[in-house]
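Chains U and X, in that order, give the protein sequences.
Numbering of the first sequence is given in the working numbering, commencing with residue 1 and proceeding in unit increments.
Numbering of the second sequence is given in the working numbering, commencing with residue 1 and proceeding in unit increments.
Calculated directly from the structure, the hints in this document are not laboratory data.
Hints may be right or wrong, so weigh each one.
Dumping the calculated DSS-like pairs for lysine-lysine here, alpha-carbon to alpha-carbon at most 27 Å [stated by the list, open to error]:
#1 X:589 <-> X:566
#2 X:570 <-> X:427
#3 U:248 <-> X:480
#4 X:427 <-> X:347
#5 U:480 <-> X:500
#6 X:500 <-> U:494
#7 X:480 <-> U:500
#8 U:258 <-> U:248
#9 U:32 <-> X:266
#10 U:266 <-> X:32
#11 X:500 <-> U:500
#12 U:480 <-> X:248
#13 U:427 <-> U:573
Partial chain U-side listing against chain X, Cβ under 10 Å, derived [stated by the list, open to error]:
#14 200
#15 204
#16 274
Fair warning: this is a prediction, and the values are worked out from it, not measured in the lab.
Here a beta-carbon is modelled for each residue, glycine too, at the ideal position from N, C-alpha and C.
There are 2 protein chains.
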Amino acid sequence: MDANDLFDSSDSVRSGKPLAHLKTARFPGPIKLSTGGVLPELTIAYETYGELSSQKDNAVLIFHALSGDSHVAAHSADDDPGWWDLLVGPGKYVDTNRYFVICANVLGGCRGTTGPDSINPETGKEYGVDFPPITVADIVDAQRMLVESLGIERLLAIIGGSLGGLMALDWGTRYPDGVAGIAAVATGARMTTQALAFDIVARNAIMSDPNFNGGEYYGKDVGPSTGLAIARMLGHITYLSQESMNRKFNANRNVGRKIDTSFETKFSVGSYLAYQGGKFVERFDANSYLALTLALDAFDLGSDRDQLVAALRRSMCRWLFVSFSSDWLFPPFQTRELVDAALASDKRVSCCDIESYGGHDSFLLENEAPIYGGLIAAFLHNLSLDWSPDDAERRTALTESYGKGADPIRNRVDYDRILALIPPKTKILDLGCGRGDLLAQLKARGHERLVGVEAQEELVLKCVEKGLDVLQLDLNDGLKSFSDHQFDFVVLSKTLQTIKNVEIVLDEMLRVGTRAIVSFPNLGFRDRRAQLNAGRAPQTHQGREWYNSNDVRYLTISDFEEFCQKKGYKIFKEVALDSKTGDVVEEDKEIAGDVFIVVIGH
Amino acid sequence: MDANDLFDSSDSVRSGKPLAHLKTARFPGPIKLSTGGVLPELTIAYETYGELSSQKDNAVLIFHALSGDSHVAAHSADDDPGWWDLLVGPGKYVDTNRYFVICANVLGGCRGTTGPDSINPETGKEYGVDFPPITVADIVDAQRMLVESLGIERLLAIIGGSLGGLMALDWGTRYPDGVAGIAAVATGARMTTQALAFDIVARNAIMSDPNFNGGEYYGKDVGPSTGLAIARMLGHITYLSQESMNRKFNANRNVGRKIDTSFETKFSVGSYLAYQGGKFVERFDANSYLALTLALDAFDLGSDRDQLVAALRRSMCRWLFVSFSSDWLFPPFQTRELVDAALASDKRVSCCDIESYGGHDSFLLENEAPIYGGLIAAFLHNLSLDWSPDDAERRTALTESYGKGADPIRNRVDYDRILALIPPKTKILDLGCGRGDLLAQLKARGHERLVGVEAQEELVLKCVEKGLDVLQLDLNDGLKSFSDHQFDFVVLSKTLQTIKNVEIVLDEMLRVGTRAIVSFPNLGFRDRRAQLNAGRAPQTHQGREWYNSNDVRYLTISDFEEFCQKKGYKIFKEVALDSKTGDVVEEDKEIAGDVFIVVIGH
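Start from the sequences and build out the full structure, keeping to the hints where you can.
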């Protein structure tokens, strides 16, 4: 690898010329802020992509992260690259042939929207220290003024990562009827203490730079470029991961690149940080950095579960939450807290924690785009379909424009029997839902509250493509995400035998559901008895041997019955199946049925 | 929790008065450094605890971490607390009634040993920028001069964490005959790129402080206290963990304590960092911080496996490696790399990755002390026993002074049979070795190369207490730590049935061993057939039901034989046992034997 390659980064490489497609919206003051401050006027710099439909039902608002701006994507081949070209553009995951995409620089920023380096019309000079403190709510309110000024009453979707994710959460919980769906990526209800601590150190570096001069540095020869560069270096570390930094810098660890800087360049990572820090001060304003990180750090959707539930309860949109396993700035557990809060008030929500090595920046990287981009594309498509549910012609047209045939629904011999056990309109949780085949059939039957749980991210994507709400969770951790009696039926079809923590999972099923439907292979089936009598371990799946089966539990119907008795579960129904024929077995069930389906409850 | 409690830290709370027991050793120059620099003289500040034995066989050298010093423990009840009082003292894990403990401030430090703030005898002023660059090797060489000056030719042990761990690695690989055992805690072969990056940002903060003045600030009114405080804040974050910070600060997140500081105190964690930063500049010198972190960052025992193996091959001591699951400054994978390198050249090594939430500082915290302290205590005791192996009287006296009866050796019905299959003097690896009962019996039989693998840290401790070498690893990850054909026999006794990745583990066993000895419960045993014929899943462990058994694999001897045939393993011996009587079953083995022991190979 050439040492120069190390200097590529997720920062867009800009030509430096003004953005040709930048638009501005001006709002006369006074603009009252949540902090008590007042702005004499508000200018918002924004860009749009695609066309707003005549029904105004295709507007997608994208929120950028801390150091981003309105240029989410290039407008043409010769335009400067955008920060999310990977996702946004004609035919891409956020398809600008289909959606009207809006992206605006945030309030308090320094890329065209009113911020500390803007001219205060009342003084004719930059605001500087007179720029009032702002909160995430103020930042969101500014975006909302823009959206309203474009004549859009309800957004199809908001997509935001990092700071943009906090903004999305704020919008969804304060202006619930203004948006049909929110995709919140790599974010959380508030900063972790560790993330807060890094921001504090960064601000201390800026404010203790003698050239900061209490924030009054505009028009002077030098500003707090040293402090701001140090802040950026620190930020950069938190955007990457242990592993991504090793991958990037290990090969040339001791080869610092010669660059024009007063910072240390001994190690390759040092010259990289010095370079990134130096580049950042050319395009970012220190007072903006302070204002925005203070807003970020003060944001707090709730410090405990009750507060989070209360916040999410106010929302009316569908939610898609995406986190990344290697993100330690907004670690996956924070997304999980949000998902759990949304579930507690029966919101429609899907989530996926994507296995990745890229850290927080994963949402800007190509590796993981097929999953998170695919999830966002499917989510947007489903939101469109839901917008006017009775307009069949429109739905057909949309489905065609989506371009992907939905994953076909496959039946399995036990599904028909399970479907027969489920009364209409009941609420169903399907554990280990796979690609969503059972849930899709229930959806077609008109069940409204359907939730799937699946561990594999590719299968989670298949479910979302089917328009289902699905959560990527490991069943062995229990069902902490769900409240007591939240479902009528909890289904565990052909999954019991793969679970290590059987008692936890079954107890949990009967906590969150009134009834549980469990299907499993019967070890006592005649062919299996014959196998053991011939000296071989019984097989529960053809072609799966003792050493490579996914199964870790083996049981007969009697074993399960005794277990239920011991646990105090009542058995309401037992169905034995011959899975070769699909027939229900009525006689000698314990010997003649190779699959059992059991309905249990308290 | 009172907000004031938040300000406790792992920093020792010192009275500020001079340390009453501080000793100094002076060495005339010129002292030549590895970097080409020369010191006109060397002063080492150190403390000792306990008495050096007449045979000089009980000296334990402890290396402190970056900001530590010689005061590892209080010398008496009214003495200032030491930084490792938890571990070191009369009757403690490092028992100063038994061991002669030495701890010295490092070269380049600022707590009595020659460093940048010492007076250069050639100029009569502080060294400042004239202090030559130093490496970890120079720091170690200074400690070695001290040890030699105390008349000690060979140390019983070196114990070092963090920077102290790097120093221990350096000593062990450069002066192999100078130490019988090394306990390297929370350390690695070199800094990760991420850890390096934090140090670089910290140094940039110091060096860009205008009061740093190129390092010439001694005798001036102000030094680079702002930059140094920022460096310390940053360091502090890396010593804690995501979780420990949340636990410490979440309850009073927004309650900043009022302290006299120019730094931000908005959040509780902010005022804590400001307080820690401020306290640090009172006791630490910025030039020392630069010199020591540069030495730390440049240390590199090897950038790939071959280099690491070459380095560890030079060592002659026994090794104990301890890491902590939540340590992200020196993450556990770094310790694993060192363990693997030591194993590759058949060094005697034990390791344990301790489940913890405290981050890098875990090795200074009480929670985990029973395990890591217990491991160190047992390790030291075993080193003593090994020192003069033929002196039976001495061994008895030592064992009595250890105070703990060693964990008794328990036999199991299959052990006698396995022992009978193992020829004398062969090299044995025992996978899933539990509390080391089989290995202890082999040790008593005189086998010299015995290694155990066990997942549970409490059992790892039991093994180390028996004087065994044991590695805490998860078998399902394979046996990457071991080289091809490193052992004569690899034993997997009653563990096969608990392993998910059967093929990987068995393939690996026959890669690292010439023969594998595998014992497992036979599913085809007559009682188990009867159970299934009666409609119940066969039990392989009494009292363990299908839903709570540790087993995840079920097999008969025929299954295993067929598997061996498929894999091309040869079966050299099969023994069927009746585990009720302990007798070998000769007839109808497949039906009459409930446990099988099989010897396989290529």
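(request) Could you tell me which of the numbered hints above are not met by this structure, giving the numbers in increasing order? (result) none
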